[in-house]
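Protein chains in written order, with our numbering: chain A, 7 to 299; chain B, 7 to 299.
Careful, some of the hints might be misleading.
Identical copies carry no separate label here, and so any pair may be met within one copy or between two of them.
What the hints assert, rightly or not - Derived BS3-like pairs: lysine-lysine, alpha-carbon spacing no greater than 27 Å straight-line:
#	residue 1	residue 2
1	Lys202	Lys151
2	Lys190	Lys154
3	Lys78	Lys222
4	Lys280	Lys257
5	Lys151	Lys165
6	Lys280	Lys270
7	Lys168	Lys257
8	Lys280	Lys258
Note that these hints are calculated values from the structure, not bench results.
There are 2 protein chains.
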Amino acid sequence: MVKRYSLTGYEKNDDEDLWLWDDIPEKGFELGYKVEELMHYEKSKYQEISIAASTGFGKMLVLDGIPQYTTKDGFIYNEMLVHVPLTIHPNPRKVAIIGGGNCGAAREAIKYDSVEEVDTVEIDKRVVEVSNMWLSKSEIGKEDKRAKLIYQDGTEWIKEQKGAYDVLLLDRSDPYGPSIDLYKEIFYKNIYTGLKDDGLMVCQSGSPYFYLDILKNTVNLLRRIFPIVCVYLATIPSFPGGIWSFTLASKKWDPIVVDLSRLKCENTQYINRKIFISCFHLPNYLIRELDIE
Amino acid sequence: MVKRYSLTGYEKNDDEDLWLWDDIPEKGFELGYKVEELMHYEKSKYQEISIAASTGFGKMLVLDGIPQYTTKDGFIYNEMLVHVPLTIHPNPRKVAIIGGGNCGAAREAIKYDSVEEVDTVEIDKRVVEVSNMWLSKSEIGKEDKRAKLIYQDGTEWIKEQKGAYDVLLLDRSDPYGPSIDLYKEIFYKNIYTGLKDDGLMVCQSGSPYFYLDILKNTVNLLRRIFPIVCVYLATIPSFPGGIWSFTLASKKWDPIVVDLSRLKCENTQYINRKIFISCFHLPNYLIRELDIE
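Same shape as in the complex, but just chain A (with noise of 0.2 Å):
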């Protein structure tokens, strides 16, 4: 008999070993990460929360029972969500990370000299919390009196800022539950009214092959309001099917063009020169979907 938790992902085994499981049940696929020791779980207002040690990836912070960031492979997407597009805008100084609540991201962005301020505006703070007590101070980033925790709804805070940043970043999580509004026309357009006049914005979109109709909506929906508007992968081998995408919209500057002497990536663990260029370069079965070229 399958014993089930009562938590959101989390299974025993026969053996009763403790598994989490996610899936994607329109495309028949699972994967499995066993648990060593599921270290935290708490229902906050928004989610559930909880931090597993696992056998393959290390620790992980899950919500809603879904890995949003293993400390084996979390590196992949923070560097790639954030050193993209500060080394695309010539002068960053002004950064914004809506979600991200782990923190790893303003980690990356404070290696920029440039940079003056990074807010993260994260809806809930018991996700900070939790990362700051269970997550490595290696792995959340040192404190730096240019990185700010604004605890607001990201879809809310974004109505109030008029040409005040130069780089927004959506780390969010998939478009269910807290960031379903995240993912909405009016809320792209908030971010462009939000960004400076040569202002540019980069958010994580999804699973190029099993949910390419979520990529090809955000790309659409950016285009209406952005003049440039750019895919970039990576793979992150904790995430289904490995291969994840970016999308990238800009109102001036353009990734064909960028002085790569700014990328910092003397001690990334992913991104490089080579890698930043080779990121762009997508396969032909997604540069027909996405109507590129």
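The hints should help you fit chain B onto chain A, whose structure is shown.
Structure of chain B alone, referenced to chain A:
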């Protein structure tokens, strides 16, 4: 109660749905593929061979419970195994594929006009016959008089080849069961001897995330034998972690100086000229592990 199938890898869940499970026990990681219909199953002299109609990946060729090829994303593996070496070699005429019984690699190789002969050396005739029966003609390639099948153990066959081939491709399964000898130094030495003076080889070398030791071992053994050894990557969503490595070993031709107009990418689904360049760009975590540059 979980009902277990007697077939390796397959299992029925509480709802009587059939799933195929691919697991990496030492990493506590499992992938589940929902199976709509088990179209074929047999035990050959060498291994269990099955064809499963999956929900998310189309028809799958499965050997000893491990998916080898899917009709939805198998093109990625075949294109990357074949087009990269056949573009680097300026005039590939005689090509052999060791393994590759689903014949998808041979299909890609015959796209190159210079190719006069493509020998597929497969130990298990039933893999070829089952693939022919269940996978569509467009998947396994039209009949072409240049494509020949040789039913022999690749480790024995290679001993008889002396300076005969321009390109040798190792379409091997993981280093267990019938493939284990395809990972040994003596086999790589025989590959070297089987190639012409300017010949080159490519092998799949596993997941660089889950099986870094296999990749490192492959690279180290080949570096002792060949003057030019390079690793390149592709992301294959149905494979664990997505990211997958190929290792190229060459006597003369170097991927750094290649005429990309030779790449036959008009009808490919994955590779194009930019992907060709990008696939050799490794993330920092791999560059450090592989001692590159």
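Status of each hint after checking the structure:
no.: 1; hint: Lys202 x Lys151; in the structure: within (23 Å within a copy, 63 Å between copies)
no.: 2; hint: Lys190 x Lys154; in the structure: within (26 Å within a copy, 55 Å between copies)
no.: 3; hint: Lys78 x Lys222; in the structure: between (29 Å within a copy, 19 Å between copies)
no.: 4; hint: Lys280 x Lys257; in the structure: both (25 Å within a copy, 26 Å between copies)
no.: 5; hint: Lys151 x Lys165; in the structure: within (25 Å within a copy, 66 Å between copies)
no.: 6; hint: Lys280 x Lys270; in the structure: both (13 Å within a copy, 24 Å between copies)
no.: 7; hint: Lys168 x Lys257; in the structure: within (15 Å within a copy, 60 Å between copies)
no.: 8; hint: Lys280 x Lys258; in the structure: both (23 Å within a copy, 24 Å between copies)
Violation of the numbered hints given earlier is absent; every hint is satisfied by the structure.
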